[in-house]
Amino acid sequence: MLAKRIIPCLDVRDGRVVKGVNFVNIRDAGDPVENAIYYDAEGADELVFLDITASHEKRKIILDVVERTADDVFMPLTVGGGIGSLDDIRDLLNAGCDKVSINTTAVRDPEFIGKAAQRFGSQCIVVAVDAKRVTSSRFELPLPGEIPDWLRESKELEERLSVDFESDEPLWEVYTHGGRRPRGIDAVKWAQYMEEMGAGEILLTSMDADGTKAGFDIPLTRMISESVGIPVIASGGAGNLEHFFEALTEGRADAALAASLFHYRELTIREVKEFLSERGVVVRPVVGEDGKDQG
Amino acid sequence: MIAIVDYGMGNLRSVEKGFLKVGVEAKVTSSPADIEDAEGLVLPGVGAFRDCMANLKRLDLLDTVSRQIEKGKPYLGICLGLQILFEESEEFGTSKGLGVLRGKVVRFPEQGLKIPHMGWNTVRFTKVPPPFEEIGDGSYFYFVHSYYVSPSEKDPVAGMTGYGVEFTSMVWKDNIIATQFHPEKSQTLGLRVLRGFGDFVKRYA
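Here the protein sequences come in this chain order: A and B.
With our numbering applied, the first sequence closes on residue 528, and no number is skipped along the way.
With our numbering applied, the second sequence closes on residue 376, and no number is skipped along the way.
Simulated from the structure, these hints should not be mistaken for laboratory data.
Backbone N, C-alpha and C define an ideal beta-carbon position, used for all residues, glycine too.
Keep in mind that a hint or two might mislead.
Said to hold, decoys possible - Simulated pairs of lysine-lysine, BS3-like, Cα-Cα distance not exceeding 27 Å:
hint, chain 1, residue 1, chain 2, residue 2
1, A, Lys293, B, Lys228
2, B, Lys192, A, Lys348
3, A, Lys252, A, Lys291
4, A, Lys348, B, Lys267
5, B, Lys275, B, Lys298
6, B, Lys275, B, Lys192
7, B, Lys275, A, Lys293
8, B, Lys344, A, Lys291
9, A, Lys293, B, Lys344
Stated by the list, open to error - Calculated from the model, a selection of chain A residues having no Cβ within reach of chain B, i.e. all distances over 12 Å:
hint, residue
10, Glu300
11, Asp305
12, Gln351
13, Gln356
14, Pro518
Said to hold, decoys possible - Residues of chain A clear of chain B, computed beta-carbon distances all greater than 12 Å:
hint, residue
15, Lys237
16, Arg238
17, Ala274
18, Asp278
19, Lys291
20, Lys332
21, Thr338
22, Lys348
23, Glu392
24, Glu402
25, Gly412
26, Gly433
27, Gly444
28, Ala447
29, Gly472
30, Asn473
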């Protein structure tokens, strides 16, 4: 049976892990490769690098990080952040990453996802959806600059994808630029549209839950996961073992991602997997260097 | 030396680095001469079946690869490298494969399961190819695919995996070993498979 995946995420800026903490098993806490090796041994099912490098000139550094990681770690690797062209994707794939995660560029130009999927295959195109619950506090309608041009220019897409601010149903809106910019797009409909365009997976982050450690946004995760036919990774809000269980069962997610929780070793991947396994969730056991199942 | 056949489909770096990690000499190449000289060949790759066949043809590698397989050279097919061994695929209409093994490539049925089949799943051995001798039955390997092979003969089937349907995730026939999963992405056990293929090639040579 297909196992639910547990995925650690590393924030990387200028080639260094942000907020690196030195633990006994890591010689250089700021080195993404060292961190990747640690997570590999811990039983991570995949690895995500989120490149938050601000300056354009330093963007190439991530390629070196990916290359060095792929020399030593043999598990699926996804890179997100700052991907704006087909060449960016090609360079990352050639460097040894398996999937790229795209958010802002997809919202700016949804056709880009179609082109990327056609050229490189859906299996390596992940669309990152940053979603925030539409509440009464967002009573003002989006400002014109927030709505992408292509959405304003197409009546059909506008009707299909815009957030219905009049609705009483629970709704989530797509955000970009690291959660700073609302875009007037309904997150559930957007995920479906991205699947149609050729996305192979959705990396769903709840902007409400992110950083709270109060748990994943279960209604959002479930809504999106049940609305698309491609795998969904739940992200944002992991704080304890129970949260992972909820996301992967009630939330119907195929995978769960966490960054700081694993980074600061508040929980280890091994603990999460053991907890899930005891509760009947199928996870891949942690395999030791000797190849023996340690779970 | 093992030739990793480069036909412009996806990232071969992980396969090359995987062999390097376990001390097996392997080289990424698209030269027919290299492929003929090699003691074994690996055909990795993800993407579309039709593009894969078209690229092999365009690079003049189709005959070379077929001939080496027929000659009995050890062959490791990964993902598309498994699929193209069969007669045809229903991806984008019907595309012809190498036809080394009988059967076809079909899409997972729509039955509420997520497609692609992406992530770690177990492989139950129906027979154990040499590179898998030290690997436990039912071990987890990494998969990412939307199509799977449906052999019309039982004999080459070496491993089965369940995802809505029970599908063939590994075949073994003489010099041919091919997996739907990605050893180069399957951590410790995957590296063991690559090392095991290296040994298989040495014994064969």
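Okay, the hints, checked on the actual structure:
Restraint check: the Cα-Cα separation between lysine 293(A) and lysine 228(B) comes to about 34 Å, which exceeds 27 Å; the hinted pair is violated. Our distance criterion of 27 Å between C-alpha atoms is broken by lysine 192(B) and lysine 348(A), whose separation comes to about 35 Å. Among the hinted pairs, lysine 252(A) with lysine 291(A) is consistent with the structure: their alpha-carbon atoms are about 19 Å apart, no more than 27 Å. Proposed proximity of lysine 348(A) and lysine 267(B) is supported: the alpha carbons are some 25 Å apart, at most 27 Å.
Using a Cα cut-off of 27 Å, the hinted pair lysine 275(B) and lysine 298(B) holds, with the two alpha carbons roughly 21 Å apart. Taking the CA atoms of lysine 275(B) and lysine 192(B), the gap is about 34 Å. The hint is violated against a cut of 27 Å. As the CA atoms of lysine 275(B) and lysine 293(A) are separated by approximately 42 Å, the hinted pair breaks the 27 Å bound. Between lysine 344(B) and lysine 291(A), the direct Cα distance comes to roughly 49 Å. Violation of the 27 Å bound is thereby established for this hinted pair.
Restraint check: the Cα-Cα separation between lysine 293(A) and lysine 344(B) comes to about 44 Å, which exceeds 27 Å; the hinted pair is violated. Listed as outside the interface, glutamate 300(A) is inconsistent with that label: its C-beta sits roughly 8 Å from the nearest C-beta of chain B, within the 12 Å cut-off. A beta-carbon of chain B is positioned within 12 Å of the beta-carbon of aspartate 305(A); the least distance is around 8 Å. Not every beta carbon of chain B lies more than 12 Å from that of glutamine 351(A), the smallest distance being close to 9 Å; the non-interface claim is violated.
Glutamine 356(A), annotated as away from the interface, has a beta carbon of chain B within 12 Å; the closest lies near 5 Å. In this structure proline 518(A) is not separated from chain B by more than 12 Å, as the shortest Cβ-Cβ distance comes to only about 8 Å. The Cβ of lysine 237(A) sits about 8 Å from the closest Cβ of chain B, inside the 12 Å cut-off, so the non-interface label is violated. The claim that arginine 238(A) lies off the interface is violated: its Cβ sits roughly 5 Å from the closest Cβ of chain B, which falls inside the 12 Å cut-off.
At roughly 9 Å from the closest C-beta of chain B, the C-beta of alanine 274(A) falls inside 12 Å, breaking its exclusion from the interface. The claim that aspartate 278(A) lies off the interface is violated: its Cβ sits roughly 6 Å from the closest Cβ of chain B, which falls inside the 12 Å cut-off. At the 12 Å boundary, the C-beta of lysine 291(A) stays outside the reach of chain B, the nearest C-beta of that chain being 23 Å off. With a least CB separation of 9 Å from chain B, lysine 332(A) falls inside the 12 Å interface cut-off, contrary to its annotation.
Non-interface status of threonine 338(A) relative to chain B is upheld: no Cβ of that chain comes within 12 Å, the nearest being about 21 Å off. Non-interface call for lysine 348(A) relative to chain B: holds, since the shortest CB-CB distance, roughly 15 Å, exceeds 12 Å. Distance check on glutamate 392(A): its Cβ is at least 27 Å (rounded) from any Cβ of chain B, clearing the 12 Å threshold; non-interface status holds. Against chain B, the non-interface label of glutamate 402(A) holds: every CB pair exceeds 12 Å, the least being about 23 Å.
Every Cβ of chain B is farther than 12 Å from the Cβ of glycine 412(A); the closest lies at roughly 26 Å, confirming the non-interface assignment. For glycine 433(A), the condition that its CB be more than 12 Å from all CB atoms of chain B is violated, with the nearest at approximately 6 Å. Distance to chain B confirms glycine 444(A) as a non-interface residue, since its nearest Cβ pair spans about 26 Å, more than 12 Å. The Cβ of alanine 447(A) lies farther than 12 Å from every Cβ of chain B, with a closest approach of about 27 Å, so its non-interface assignment holds.
Glycine 472(A), annotated as away from the interface, keeps every beta carbon of chain B farther than 12 Å; the closest lies near 24 Å. Separation of asparagine 473(A) from chain B is adequate, the least Cβ-Cβ distance of about 23 Å exceeding the 12 Å criterion.
Hint check: violations occur at hints 1, 2, 6, 7, 8, 9, 10, 11, 12, 13, 14, 15, 16, 17, 18, 20 and 26; the rest are consistent with the structure.
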